[in-house]
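So the sequences go chain by chain: E and P. With numbering that gives the first Met the number 0 as the guide, the letters of the first sequence map in order to residues 0 to 592. With numbering that gives the first Met the number 0 as the guide, the letters of the second sequence map in order to residues 0 to 110.
Derived by calculation from the structure, the hints in this document are not laboratory data. This structure is a prediction, so every number in the text was calculated from the model and none was measured. Treat the hints with caution; some may be incorrect.
The following label-pair restraints were derived from C-beta to C-beta distances [claimed, not checked]:
no., chain 1, residue 1, chain 2, residue 2, range
1, E, Leu-168, P, Asp-82, 52 to 60 Å
2, E, Gln-60, P, Ile-1, 44 to 52 Å
3, P, Val-101, E, Lys-41, 33 to 41 Å
4, E, Gln-60, P, Arg-10, 56 to 64 Å
Which chain P residues face chain E? A few, computed with CB under 8 Å, are given here [to be verified]:
no., residue
5, Ser-30
6, Gly-46
7, Thr-53
8, Arg-54
9, Ser-68
10, Gly-71
Backbone N, C-alpha and C define an ideal beta-carbon position, used for all residues, glycine too.
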Amino acid sequence: MNRTIIININSIVFHIEEDAYEILRSYMIEIKKHFGKTPDSKEILEDIENRIAEMFTERIQTGRKEVINQQDVNEVIALMGRVSDFENDFVDELREEEGTVEPEQTRAGLDAEQEPAKESASTSEPNFTFTASKKLMRDMDDRIFGGVCSGLGHYFNLEAKWIRIIFVLFFLFGGSGVLLYVVLWAVMPQALSRSDKMAMRGEAANLQNFKKSFEEEMKGLSENFSGAGEHFNRGARTVGDILGRIFSIFGKILAIFFLIGFGCMLIGLFITFVFSTLNLLGFKNDIMLPPLEVMQPTEAFFALLAGFMAVGIPTFAVFYLLLRVVFKVQRMNNYLSMTLFATWIVSIVMILYFVVTTQQQFREESTISVEKPLDKSDSYVFNENDVRVIKASDEEFNSKKFNVNVKGEKLADFLRQDISIRFEMLDSLKAPYIQYNYSARGNTYQEASDRASRIAYQVKQDKNLVSFDSHFAMNQKDVYRDQNVRMVVYLPVGTRVSLSNSLIWKTRDIQADACRQDDKKTTEWIMTNKGLKCIWRMEEEKLKAEEEKLKAEAEKKQAELEQLQEEKEKAVEKLKEKIEKEAEKQTATATKA
Amino acid sequence: MIAENTQTQMRKGILEYCILSIISRGEIYASDIISELKQAELLVVEGTLYPLLTRLKNNGLLSYSWQESTSGPPRKYYQITADGLQVLQKLDVTWKELVFAVQTAIGNREI
Numbered sequence: 000m001n002r003t004i005i006i007n008i009n010s011i012v013f014h015i016e017e018d019a020y021e022i023l024r025s026y027m028i029e030i031k032k033h034f035g036k037t038p039d040s041k042e043i044l045e046d047i048e049n050r051i052a053e054m055f056t057e058r059i060q061t062g063r064k065e066v067i068n069q070q071d072v073n074e075v076i077a078l079m080g081r082v083s084d085f086e087n088d089f090v091d092e093l094r095e096e097e098g099t100v101e102p103e104q105t106r107a108g109l110d111a112e113q114e115p116a117k118e119s120a121s122t123s124e125p126n127f128t129f130t131a132s133k134k135l136m137r138d139m140d141d142r143i144f145g146g147v148c149s150g151l152g153h154y155f156n157l158e159a160k161w162i163r164i165i166f167v168l169f170f171l172f173g174g175s176g177v178l179l180y181v182v183l184w185a186v187m188p189q190a191l192s193r194s195d196k197m198a199m200r201g202e203a204a205n206l207q208n209f210k211k212s213f214e215e216e217m218k219g220l221s222e223n224f225s226g227a228g229e230h231f232n233r234g235a236r237t238v239g240d241i242l243g244r245i246f247s248i249f250g251k252i253l254a255i256f257f258l259i260g261f262g263c264m265l266i267g268l269f270i271t272f273v274f275s276t277l278n279l280l281g282f283k284n285d286i287m288l289p290p291l292e293v294m295q296p297t298e299a300f301f302a303l304l305a306g307f308m309a310v311g312i313p314t315f316a317v318f319y320l321l322l323r324v325v326f327k328v329q330r331m332n333n334y335l336s337m338t339l340f341a342t343w344i345v346s347i348v349m350i351l352y353f354v355v356t357t358q359q360q361f362r363e364e365s366t367i368s369v370e371k372p373l374d375k376s377d378s379y380v381f382n383e384n385d386v387r388v389i390k391a392s393d394e395e396f397n398s399k400k401f402n403v404n405v406k407g408e409k410l411a412d413f414l415r416q417d418i419s420i421r422f423e424m425l426d427s428l429k430a431p432y433i434q435y436n437y438s439a440r441g442n443t444y445q446e447a448s449d450r451a452s453r454i455a456y457q458v459k460q461d462k463n464l465v466s467f468d469s470h471f472a473m474n475q476k477d478v479y480r481d482q483n484v485r486m487v488v489y490l491p492v493g494t495r496v497s498l499s500n501s502l503i504w505k506t507r508d509i510q511a512d513a514c515r516q517d518d519k520k521t522t523e524w525i526m527t528n529k530g531l532k533c534i535w536r537m538e539e540e541k542l543k544a545e546e547e548k549l550k551a552e553a554e555k556k557q558a559e560l561e562q563l564q565e566e567k568e569k570a571v572e573k574l575k576e577k578i579e580k581e582a583e584k585q586t587a588t589a590t591k592a
Numbered sequence: 000m001i002a003e004n005t006q007t008q009m010r011k012g013i014l015e016y017c018i019l020s021i022i023s024r025g026e027i028y029a030s031d032i033i034s035e036l037k038q039a040e041l042l043v044v045e046g047t048l049y050p051l052l053t054r055l056k057n058n059g060l061l062s063y064s065w066q067e068s069t070s071g072p073p074r075k076y077y078q079i080t081a082d083g084l085q086v087l088q089k090l091d092v093t094w095k096e097l098v099f100a101v102q103t104a105i106g107n108r109e110i
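Using the sequences plus the hints, can you model the full thing?
Put into structure tokens, the structure is as follows:
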């Protein structure tokens with residue numbers, strides 16, 4: 000029993016046994032090489048193929064013998080003649096006469112040293128089905144990273160070093176070379192088997208070429224054994240090679256840097272993921288990604304996972320690639336890489352889902368407004384009560400120390416401090432009150448207002464001391480939906496207010512900072528017709544105004560004084576003139592007399 | 000080596016003349032040319048003939064036409080052209096001269 004192959008010679012189909020086919024193929028390659036350099040090669044080869052087809056047809060007897068076997072092929076070859084027979088005849092001289100080839104090269108062309116790529120390029124392909132077409136594959140024998148450049152080199156009939164230089168140039172201009180390289184690395188298959196390698200170089204896989212490729216490999220192998228120094232010297236013959244080597248070394252150093260960078264990034268991502276997960280599980284720590292606060296813990300965990308995958312997988316891919324580049328690590332298993340890719344896609348979709356659904360949760364806003372009276376008083380002390388601080392410790396040192404201590408385990412979870420205080424003036428006869436505006440967002444208005452109503456925030460009054468809690472508590476089952484408390488404190492004109500410094504940042508619409516004095520823990524205010532005013536600022540202004548008034552008065556007096564002086568001088572001068580005139584008169588009468 | 004070379008030269012010289020002569024007798028198929036040449040023991044393998052035929056055809060001495068075959072693909076049948084006939088006539092003259100020259104050279108020597 001024999002396997003048969005179907006071949007097509009000049010549009011006629013033959014069934015041929017496998018071994019017979021190998022012989023025929025290697026014969027045709029020989030013929031092709033022999034006539035390949037002559038201008039008439041196409042026609043000659045067609046004639047020969049035609050004749051072979053005819054001879055095959057003669058040998059086939061329908062119903063009895065339908066397959067071309069080894070014997071048939073051998074007979075046909077004997078009739079057609081081997082290349083060695085042609086040489087004994089006249090053909091090679093004929094070829095020389097044509098003047099298309101140098102005699103030396105003609106002979107050399109028959110040897111295995113002939114460049115196969117050139118051969119296939121110059122020979123027009125006959126109609127044989129085994130004609131070789133080149134495949135774009137990564138050359139694993141001649142590689143710096145993944146053999147992409149040498150593979151491209153084979154494909155485009157260029158030396159690999161030029162392709163490498165082009166890639167390095169691309170890399171220098173914006174790093175696009177790296178991306179291109181990565182893509183090609185992923186897309187181009189490795190040329191592992193011998194037939195792959197020959198397909199890559201554009202050689203038809205046949206016995207002769209197999210032999211040749213094997214010999215080349217053995218040659219390469221023995222070269223590899225014969226000392227690295229020699230190898231280097233040989234390789235360094237051309238400038239291009241040296242450049243290639245420098246670039247490859249440079250590239251490797253760069254790759255190592257990137258490898259370290261991406262490695263750190265991966266570790267960082269992982270740490271963030273682990274600690275954020277711990278946070279969600281209730282083991283509180285400082286690493287919490289803010290966006291997660293808006294979600295329910297289970298949702299948040301999936302979002303976190305998706306986020307980690309979405310960022311981690313590409314990072315890992317680049318990391319692994321660099322690892323391959325630097326340490327020649329094995330290519331990732333196909334299933335693994337496909338799984339990673341699929342996971343990445345899923346995580347991206349999940350993130351989109353979470354973003355959209357979470358955004359929906361913020362669609363509606365609701366505000367609940369409540370007015371609560373304050374006990375009437377001429378002056379108030381507004382204080383902040385830091386709910387996180389254990390009351391027992393009053394000293395500042397201790398309060399700082401105890402700041403981390405919270406009442407209850409999960410208090411920090413639902414404590415929020417989006418609280419603001421504004422002051423408005425009231426007629427001096429009316430009773431003071433505080434208007435509380437509780438707001439929250441939600442998917443529906445109802446949800447938002449429910450959520451707003453669950454905000455627990457109330458000011459405590461003890462005589463004239465009013466305490467504002469530093470935080471308000473959300474209901475424990477609530478998540479962050481932009482909950483906030485906006486307070487408006489309505490005070491009659493003339494009411495004095497002492498604001499604790501710690502409360503200042505909650506206040507709005509007043510220049511609280513400008514009222515602060517370094518040595519005081521409170522700022523003093525008074526409600527006027529124009530709103531709450533800082534007392535010492537007001538006094539200062541008053542003083543200034545008085546000062547200016549005094550100054551103006553003094554100036555006025557000075558001016559009056561000067562005027563008087565002037566008048567006095569004028570009067571004196573007039574007097575002087577009068578006296579002089581009289582003196583003249585007297586002298587005149589005296590002379591007359 | 001010298002003998003071989005001379006042999007090749009001699010054969011080469013007359014091969015084209017012979018092919019032209021055979022074709023001049025009428026339209027003929029390549030493999031029939033071969034069998035005649037084989038009979039004459041001038042050529043052994045077919046592969047040698049095709050380059051020669053192509054070359055003669057490209058020089059305008061031969062032309063061919065495709066003819067359907069009962070066994071296999073269509074065949075190329077070669078015929079001589081007017082140019083080919085002219086060349087053949089010249090070669091005929093040369094051949095006669097050569098025969099005369101060679102005969103004279105050989106003289107009475109037994110071959």
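Task: Range agreement (Cβ of Arg-10 (chain P) with Cβ of Gln-60 (chain E), hint 56 to 64 Å) - done: 37 Å, violated
Open item on the list: Hint Ser-68 (chain P) vs chain E: min CB-CB distance below 8 Å?
Closed with: Check passed: Cβ of Ser-68 (chain P) comes within 7 Å of chain E, closer than 8 Å.
Task: Agreement of hint Arg-54 (chain P) with chain E interface, Cβ distance less than 8 Å - done: 7 Å, holds
Task: Satisfaction of the hinted span 44 to 52 Å by the C-beta atoms belonging to Gln-60 (chain E) and Ile-1 (chain P) - done: 49 Å, holds
Task: Hint validity - Gly-46 (chain P) Cβ closer than 8 Å to any chain E Cβ - done: This interface hint holds because 4 Å falls under the 8 Å limit.
Task: Distance restraint evaluation - Val-101 (chain P), Lys-41 (chain E), Cβ atoms, bounds 33 to 41 Å - done: 39 Å, holds
Task: chain E contact restraint for Ser-30 (chain P) - C-beta distance below 8 Å - done: With a closest approach of 7 Å, the Ser-30 (chain P) hint holds.
Open item on the list: Using the nearest Cβ pair, does Thr-53 (chain P) come within less than 8 Å of chain E?
Closed with: At about 4 Å, which falls below the 8 Å cut-off, the nearest Cβ of chain E leaves the hint on Thr-53 (chain P) intact, so it holds.
Task: Distance restraint evaluation - Leu-168 (chain E), Asp-82 (chain P), Cβ atoms, bounds 52 to 60 Å - done: 58 Å, holds
Task: Gly-71 (chain P) as chain E interface residue, shortest Cβ-Cβ below 8 Å - done: At 3 Å from the nearest chain E Cβ, Gly-71 (chain P) passes the 8 Å test, so the hint holds.
Violated hint for the displayed structure: number 4, the only one.
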